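Asker: What follows is each chain in one-letter form.
2 protein chains.
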Amino acid sequence: MTPSRDPTAAGVAEAAAKVSAILPPTPLLPLEIEGQTIWCKAESLQPIGAFKIRGGWHRLTALSDEDRARGVVGVSSGNHAQGVAWAARRLGIAATIVMPVDAPAVKLANTRALGAEVVLYDRPGGEDRDEVAGRVCAERGATLVHAYGDPWVIEGQGSAGIEIARQMDALGVGGPDLIVAPCGGGGLTAGLALACPDAAVIPVEPEGWDDVCRSLASGTIQSVAADAPPTPCDSLQTMATRPINFRVLRERCPFGLVVTPAEVRAAQRLAFERLHLVIEPGGAAALAAVLAGKVDLKPRTAVVLTGGNTDAADFAAVLTGDN
Amino acid sequence: MTPSRDPTAAGVAEAAAKVSAILPPTPLLPLEIEGQTIWCKAESLQPIGAFKIRGGWHRLTALSDEDRARGVVGVSSGNHAQGVAWAARRLGIAATIVMPVDAPAVKLANTRALGAEVVLYDRPGGEDRDEVAGRVCAERGATLVHAYGDPWVIEGQGSAGIEIARQMDALGVGGPDLIVAPCGGGGLTAGLALACPDAAVIPVEPEGWDDVCRSLASGTIQSVAADAPPTPCDSLQTMATRPINFRVLRERCPFGLVVTPAEVRAAQRLAFERLHLVIEPGGAAALAAVLAGKVDLKPRTAVVLTGGNTDAADFAAVLTGDN
Numbered sequence: 001m002t003p004s005r006d007p008t009a010a011g012v013a014e015a016a017a018k019v020s021a022i023l024p025p026t027p028l029l030p031l032e033i034e035g036q037t038i039w040c041k042a043e044s045l046q047p048i049g050a051f052k053i054r055g056g057w058h059r060l061t062a063l064s065d066e067d068r069a070r071g072v073v074g075v076s077s078g079n080h081a082q083g084v085a086w087a088a089r090r091l092g093i094a095a096t097i098v099m100p101v102d103a104p105a106v107k108l109a110n111t112r113a114l115g116a117e118v119v120l121y122d123r124p125g126g127e128d129r130d131e132v133a134g135r136v137c138a139e140r141g142a143t144l145v146h147a148y149g150d151p152w153v154i155e156g157q158g159s160a161g162i163e164i165a166r167q168m169d170a171l172g173v174g175g176p177d178l179i180v181a182p183c184g185g186g187g188l189t190a191g192l193a194l195a196c197p198d199a200a201v202i203p204v205e206p207e208g209w210d211d212v213c214r215s216l217a218s219g220t221i222q223s224v225a226a227d228a229p230p231t232p233c234d235s236l237q238t239m240a241t242r243p244i245n246f247r248v249l250r251e252r253c254p255f256g257l258v259v260t261p262a263e264v265r266a267a268q269r270l271a272f273e274r275l276h277l278v279i280e281p282g283g284a285a286a287l288a289a290v291l292a293g294k295v296d297l298k299p300r301t302a303v304v305l306t307g308g309n310t311d312a313a314d315f316a317a318v319l320t321g322d323n
Numbered sequence: 001m002t003p004s005r006d007p008t009a010a011g012v013a014e015a016a017a018k019v020s021a022i023l024p025p026t027p028l029l030p031l032e033i034e035g036q037t038i039w040c041k042a043e044s045l046q047p048i049g050a051f052k053i054r055g056g057w058h059r060l061t062a063l064s065d066e067d068r069a070r071g072v073v074g075v076s077s078g079n080h081a082q083g084v085a086w087a088a089r090r091l092g093i094a095a096t097i098v099m100p101v102d103a104p105a106v107k108l109a110n111t112r113a114l115g116a117e118v119v120l121y122d123r124p125g126g127e128d129r130d131e132v133a134g135r136v137c138a139e140r141g142a143t144l145v146h147a148y149g150d151p152w153v154i155e156g157q158g159s160a161g162i163e164i165a166r167q168m169d170a171l172g173v174g175g176p177d178l179i180v181a182p183c184g185g186g187g188l189t190a191g192l193a194l195a196c197p198d199a200a201v202i203p204v205e206p207e208g209w210d211d212v213c214r215s216l217a218s219g220t221i222q223s224v225a226a227d228a229p230p231t232p233c234d235s236l237q238t239m240a241t242r243p244i245n246f247r248v249l250r251e252r253c254p255f256g257l258v259v260t261p262a263e264v265r266a267a268q269r270l271a272f273e274r275l276h277l278v279i280e281p282g283g284a285a286a287l288a289a290v291l292a293g294k295v296d297l298k299p300r301t302a303v304v305l306t307g308g309n310t311d312a313a314d315f316a317a318v319l320t321g322d323n
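In the order they appear, the protein sequences are chains A and B.
Per the UniProt record's numbering, residue 1 is the first one in the first sequence, and the count goes up by one each step.
Per the UniProt record's numbering, residue 1 is the first one in the second sequence, and the count goes up by one each step.
Note that these hints are calculated values from the structure, not bench results.
Model, not experiment: these values are computed from the prediction.
Be careful, since some hints might not be right.
[Claimed, not checked] Label pairs and their calculated CB-CB ranges:
hint, chain 1, residue 1, chain 2, residue 2, range
1, B, PRO230, A, ALA69, 51 to 61 angstroms
2, B, THR320, A, PHE255, 35 to 45 angstroms
3, A, GLU117, B, LEU171, 47 to 57 angstroms
4, A, ALA17, B, PRO254, 38 to 48 angstroms
5, B, PRO243, A, LEU91, 28 to 38 angstroms
6, B, ALA226, A, ARG89, 21 to 31 angstroms
7, A, ARG135, B, PHE255, 57 to 67 angstroms
8, A, GLN36, B, THR320, 27 to 37 angstroms
9, A, ALA226, B, PRO230, 48 to 58 angstroms
[Unchecked claim] Computed footprint of chain A on chain B, listed as stretches where at least three residues anywhere in the stretch have a Cβ under 8 angstroms from a Cβ of chain A:
hint, segment
10, 18-27
11, 90-101
12, 123-137
13, 228-235
[Said to hold, decoys possible] Here are some chain A residues the structure puts well away from chain B; computed CB gaps all over 12 angstroms:
hint, residue
14, PRO27
15, GLU32
16, LEU45
17, PRO47
18, ALA113
19, GLY125
20, LEU297
Even for Gly, the Cβ is constructed at its ideal location relative to N, Cα and C.
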């Protein structure tokens, strides 16, 4: 599937208007780190527990009546699944979600609870999720809603940046000069870059899954190694970004950063203690980079906490230091 | 100390204006319970992790310059302590907080981090906290800021009700017809009753610490039994409400409800899973009553999640069912 167009700043503005018509802005919480305030965008408080509701809504509302009638297919370890399922239910569109068998149980359960049909694929066994999704689309004539390689999805995620800028303005801080965000396929980071042209944008990836970092360093799209180590950041497990994302990222992001599982856990614990938020591992990656001292903070730094969908046992182990 | 006046609805409105000038409203999150939406006020997302910042701010800003110079004293297991300390630091007032030796470590640490001097008293050993506080006040000429038996504190806490009503109005839901709130000494519930004259207000207390429930039933102020069982709800451990609170409560609350430790844990787990919020035991009491089916829900029901200050090990045990 070739996307029909590149995402634009105007598209992000349109997405922000559509999102704000149905969802109140998520809070932007101050956090003092060594005497400096950074602004944490709590996207974990979206109704589906993650920012993906933005892209799902912007994409599905842009479908023709004919396309809506044939349904949509999403591919996701969970958060994009819930974003598409939430938007589909609200619009009366049938949604099928292709999810890995090893997705967190809470994400599988929540996707089904939103009324979507879940088709599992064998990620650990090496089954190709795009192949599975393509087969479902062909069978049903449904529209594939890609998790990041889609102009509407990118624009939708970018609406978070519009909210951040508005909220910092309203607080008298002024718009962000730096946004640090977790990065899987680069949908959110590309959207933020379009939303906030005056801010530096730093994507943060988990150790071993740093394809965007390496792509930015080399100037061409790189993939995750076939023998990549396991990561607790299930929501950031993407093999490679796509040209539609990379064309934005390479213009706006000189580099990306990598965080270790221990750094991610430390960030989850800090968010628990100081912000009283449940943040999933992937959702804490950007905060982890800040806490680890890997980011040169600017006076108006925003950090996106992208999601909070994590299993109770996993989160308990993070809190007690058992994993 | 006899309070100088009763709290008023006009005082709540003034408090709401003062609070909204320095703190953005906390989110009001929808939660679907058996097909009905209830509105959860996430006071755990205040900068100190609890609603007590409201009363502290309204009380301390009302002090004369002379009184400010002599400092303030608070008595608290933690959340009121942080509320007073936060307001005092912002206003340049010296704060001394009398806290029980068995307060959650995170609350002790956070109170000290806010610059307050902490004086410990031996709660398990039966030492009287009011006596300790009176001694400190006498020594220093400081003003006692009572955790609930104070008109400004009551009005300040009531500002949460003004926010709830505004937020539900903005969502097109209409003002609340029922507010369910955790109850310790009755500062918050009295404030909510003044803030929202058209809503029923139900205070919820932990098992064994149901003095307000029994006071409402008998028509006179009752105390917690000397041999009351331990409760996980440290923030709701008050021996008795005060006349200034009870005069409001007996007019507006026909009854209160009691929740068990198991019901509280179930509510904490639901808030974790569905709202991605960290809620302390006492903060989850009202939600616990709703989940346990003890509340006759009305079409526009709001539930206050009062705080999120809980130790990591305790919260992990709640998540894994180990306590």
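Asker: Now look at each hint and say whether the structure bears it out.
Answerer: Hint check results:
1. Between PRO230(B) and ALA69(A) the CB atoms are about 59 angstroms apart, so this pair conforms to the stated range of 51 to 61 angstroms.
2. Remark: the range hint 35 to 45 angstroms for THR320(B) to PHE255(A) is upheld by a beta-carbon distance near 39 angstroms.
3. Between GLU117(A) and LEU171(B) the Cβ separation comes to about 31 angstroms, which falls outside the hinted range of 47 to 57 angstroms.
4. Take ALA17(A) and PRO254(B): their Cβ atoms lie about 46 angstroms apart, and the range 38 to 48 angstroms holds.
5. At roughly 55 angstroms, the beta carbons of PRO243(B) and LEU91(A) sit outside the given window of 28 to 38 angstroms.
6. For ALA226(B) paired with ARG89(A), a C-beta distance near 54 angstroms fails the hint of 21 to 31 angstroms.
7. Roughly 59 angstroms separates the CB atoms of ARG135(A) and PHE255(B), a value that falls within the hinted 57 to 67 angstroms.
8. Evaluation of the 27 to 37 angstroms hint for GLN36(A) and THR320(B) yields a pass: the beta carbon distance comes to about 35 angstroms.
9. At about 54 angstroms, the beta-carbon gap between ALA226(A) and PRO230(B) stays in the expected band of 48 to 58 angstroms.
10. Residues of the segment 18-27 of chain B lying with their CB closer than 8 angstroms to a CB of chain A number 3, which satisfies the three-residue condition for coverage.
11. Using a Cβ-Cβ cut-off of 8 angstroms, 0 residues of the segment 90-101 of chain B lie near chain A, which falls short of the minimum of three, so the contact claim is violated.
12. With 0 residues having a beta carbon nearer than 8 angstroms to a beta carbon of chain A, the segment 123-137 of chain B misses the requirement of three or more and the stated coverage is violated.
13. Coverage of a stretch by a chain is defined here by at least three residues with a beta carbon nearer than 8 angstroms to that chain's beta carbons; for the segment 228-235 of chain B and chain A the count is 0, and the condition is violated.
14. Remark: the non-interface label on PRO27(A) conflicts with the geometry, its nearest Cβ contact in chain B lying 6 angstroms away (cut-off 12 angstroms).
15. Against the 12 angstroms criterion, GLU32(A) falls within the reach of chain B, whose nearest CB is about 10 angstroms from its own CB.
16. Residue placement check: LEU45(A) does not keep its beta carbon more than 12 angstroms from all beta carbons of chain B (closest about 6 angstroms).
17. With a least CB separation of 7 angstroms from chain B, PRO47(A) falls inside the 12 angstroms interface cut-off, contrary to its annotation.
18. Interface exclusion of ALA113(A) from chain B breaks down, the closest Cβ pair being 10 angstroms apart, not more than 12 angstroms.
19. Remark: the non-interface label on GLY125(A) is consistent with the geometry, its nearest Cβ contact in chain B lying 29 angstroms away (cut-off 12 angstroms).
20. No Cβ of chain B comes within 12 angstroms of the Cβ of LEU297(A); the nearest lies about 20 angstroms off, and the non-interface call holds.
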